Each structure stands twice: as structure tokens, then as C-alpha cells.
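Let's have the full structure, built from the sequences with the hints guiding it.
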Amino acid sequence: MGNPNSANLRRWYVIAAPYFWLLLFFLVPFFIVFKLSLSDSAIAIPPYTPTFNWSDGITGFLSKLDFENYKFIFSDPLYVNAYLSSLKIATVATFLTLLVAYPIAYGMARAPKAWQPTLMMLVILPFWTSFLIRIYAWIGILKKEGLLNLFLMNWGIVNEPLSILNTTTAVYIGIVYSYLPFMILPLYASLEKISPTLLEAAEDLGSRPWKAFWQVTFPLSLPGVLAGCLLVFIPAVGEFVIPDLLGGSETLMIGRTLWNEFFNNRDWPLSSAVAVVLLLVLIVPIVFFQRQQQLEREAGR
Amino acid sequence: MRSRFSWFNATSITLGFAFLYIPILLLVIYSFNESKLVTVWGGWSTKWYASLLQNTALKEAAWVTIRVAFLSATVATVLGTLAAITLVRMGRFPGRTLFSGMIFAPLVMPEVITGLSLLLLFVALNIDRGFWTITLAHITFTMCYAAVVVQARLQDFDKSVEEAAMDLGATPVNTFFQVTLPIIAPSVISAWLLSFTLSLDDLVVASFTTGPGATTLPMKIYSQVRLGVTPEINAISTILIGIVTVGVLAAAYFTKRRTEREERERRIAFGATD
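Protein chains in written order, with the UniProt record's numbering: chain B, 1 to 301; chain U, 1 to 274.
Everything labelled a hint here was simulated from the structure, so no lab data went into it.
Simulated pairs of lysine-lysine, DSSO-like, Cα-Cα distance not exceeding 30 Å: (1) B:35 x B:71; (2) B:193 x B:211; (3) U:59 x U:47; (4) B:88 x B:144; (5) B:71 x B:88; (6) U:256 x B:113; (7) U:256 x B:193; (8) U:159 x B:113; (9) U:47 x B:144; (10) B:211 x B:113; (11) B:193 x U:159; (12) U:47 x U:36; (13) U:36 x B:144; (14) B:113 x B:193; (15) U:59 x U:36; (16) U:159 x U:256.
Just so it is clear, the structure is predicted and the values come from calculations on it, not from any experiment.
Listed below in C-alpha cells is the structure:
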């Protein structure tokens, strides 16, 4: 089996490539974002003046340190409102996604075993088709002269076309629609694992189906609920495409604010500061998600 | 869970799938619409497909996108597979928590943060932005998806098969290529396909990391959608949906046939009759 040293070396070859890749392209960039968030914007290429020169050393860096961009973010109600409104929209959208996904996942878990791989496949398939295109499809449905209004007016359900596109409602529809598979899959995975004998036991003990659901099935599906909610909530907070294409001017979301700050105002330091604060807001759910995944894996072993 | 398939379950599945598929279906139908207006049906026509063929800017963007996706999916699958092996088989090593954190964080990280941070890295390193920077960025976030897909498969296969090969004198490298890789192959293929589609699909990260030279198809589609709906977009969307559907169905078919064959071989090997 070779000597232990060469085995150890081989082990490091396997670990090193992905490890250093992620260090260089995932971790280091965050430090650069953080560093830039402390610099001043300037009309130059690249459009900022660096606050840190290696020649200054750490004391030179600290003496020049200023939190101007952060002060600006917290003094301007636009940014504070954008954070709050993103959190609110993401929370409501996550809850709505859960409401839509749960019956589907439950139905899938109870479907005949032979159907289940096909049903899984049908849930995953839309996820493989372009996200941008699926959002674009909703524009044609939701706009004033769109297909939904055409349908509703033809059937006499409404007399006047509803304005849904360019409102927050459209953003909710977009988030629920595009993140639905992320919610269904973990829910299905945890519902499918629940042993039928537990429900039989509950029924034998006189529990009605609805009560059995709330006291047995739902609590046992909680890991799936939690995983699904985090998978939807975290990216939804920073979502850019959905509010930009479906939302109106009243839909304030931080991902869109960052994008505009970067591409329209070309203020790199300020958009870096916006990103750092967004990351700080999300760090708790992200760490929580990772711990959850670790527990799942350990339980699965 | 027991199979007691009630009307409630059937209805919720049907409604759920209708919700998932109707928008896509409408898009496909309206791509064959003669009329320029999305809501007016002017009869069947393939003229938007024909005008697509004339659109060189769109074709160029599509070619850039395919090249980026092919290259980044291939590298991401190799790195992702190594990462999965690291997570499942390598036990403890210094920085393991950080490593698994870096594998899982990009899965949920908002794209605007990933895009901005990579752009600033490229600026700091003074790399010219364009084709290669998009590719590097795509490798980084898709390798994490690839790692998760391969990891799931590595976890539930029996380590004793590998140990048996080693006991019979195979070197670790031989064991990997002759035993481990064939067993995890279906998940490696789906990891590649997933990385490929994620790269094909990405708008935000590519917009941040590109330079003047390289425009990808999503960037092109995005700018046209913002300018106003053109039926050409319906046509190109339908083509993309078609390619992905055929690809995924083919992958599913081959995976299924493979498992069936393995099952048959196992039965023959153990001399079972049925």
C-alpha cells in the first residue's frame, strides 16, 4: 500500500485543488470587498482610491480607515428601507412557497412508489430550464393586456384588467414560482422518510387524520421545512432578476439597489459596503443552513 | 410513507405541476405566433425562428455562452468531484470546517455578492475581463453544486468495495478509476449537466465579471426583455427549453438503463433465478 508518507501526500493532492481554488476565488474576494468598502469613490479606472498601501503597514491602514460608506448607508433611509423591505419580501415569499410546496411534496410522498422517480424528475425539469426565461414567461402572463387578464375577462371573472405586473405581488409570484423546486425537494425527502407505522400507531390510538398530521407528520417533516425555507429565504433576500423584471418602482430590494449602485452610479466602494452589510444580515441564516446540512449528513450516515 | 393516494394528493400534484409547467408551455406556444403581439394569436408561424437565424449578435452571444458553459462545467466537475471525495473520504484535516463552509456557502449566496466579489478580485489581480474571467467565475460557483451532487452518491455507496480492490493489490489511483469512478459515474454526469445549465443560465455573475469583449446569451436576452418583449426571445427560449429537455431526458434514460443492467448483472452473478 505504499508508505504512509506517500499516501499522506496523495491525500493532500486531492484536497489541495478544490481547497485552494475556493480560498482564492471565494474567500479572498470577500476580503477585497471588505477592503474596498472602506475606500473612497473616485472618477478613475478602477473608480476608487485605495485606502491601503502595503508600504503604510497596518498602522498606516488603521489611521486612514474610515467608515464613510457605512455611515452613508445607515443615514440614508433608501438603503435601510431596502434592507428591511428585502427581508420582508423574502420572509413572506418563503412562507408562500412553503404553503404551495407542502401539499405537492406531501402528494408526491404518498403517490405510488413506481411514480415517485417520474414525479421527482418533473419537479426538477423546470429547474434545468433557464431561470431568466421562466421569469420572462411571467411578463407575458401578468401584464395588463397579458394572458391572465385575457383569460379572466373572457370568463367574466373580472371586468377590468388587473394590474399585477410591476407590483410586489408579481415579485411574490416570481419568487414562489422559481424557488418552488428548492422547497419541494427537501420537503419530499423528509416526508418520504416518515415510517407509515407511526401514522398507523397514531390512528390506532384514536387520532383523526388531521390531528395525526399535525402531531406526527408535520413535526417529523420539520428538518425538510427548515432546509427548504433557508434555501428559498437566503437567495431571495439578495434577489435581483425577479424584482427587476416583475417588480415596479415601489418594490425596493437590496440586490437591485446594489446592482444599480454598481452599474448606474458606478460607485464601487458604496456597492461593496452594501454587499458587506447584506452579507452580515445573511451570515446567521447561512451558518444555520450549513449546520443543518451537517446534522442531516451525520444523521444519514 | 404508505401509499394511500387520496383525491387531495392527486389534486395538489396536478395543480402544482400545472403551475410549474403552464408558463413554460405558453412561452413555447407563443413562439410560433405569427403576430408580433404576445397576446394576439395571428396563426402558426416559424418566422421568429427564421429571423433568429439572421441575428448575428444573438448567435455570437450563444456561442460565447456555450463555450463558457462547456469549459466551466468540465473543470467544475473535476474540482467538484475532488471536493466531494475530500468531504466524504478524507476524514479530518486542518481547515475542514472552513472547507465544507466554502462548499455550501455559494449554493445560497446571493448572486450579486458573488459577482461583485469576483469582479473586485479580477480588478485587484489586474486580469483583463472577458471570456476567461466569466469562465473562472462560473467554475467557482458551479463546482459547489457539482460537489453536492457527487457527495450524495459517494455517501451511499459501500466503502467495502473499494477496500476489497485495495486488498487485491490495486493502488489508490487504480481503485479510483476502476472501482469508484464507474460507480459514481451517473452522479458525475449529472454534476456536469447541472454545472453546464447553471453556467448557461447565469446572468448576474456573468454581468459583473465580463468585459467589453464578451456578451453572454442571458445578458443579451435580459437587455432585450428590458427594452420590450420581442417574439424572437420566445423562439430562442423554446430552443433552449428543447435542448435542456432532450438532454435531461436522455440522461435519465441512460441512468435508468444502466441501473437495470447492473441489477441484471448482479442477479446473474449471484445465480438468482426469477
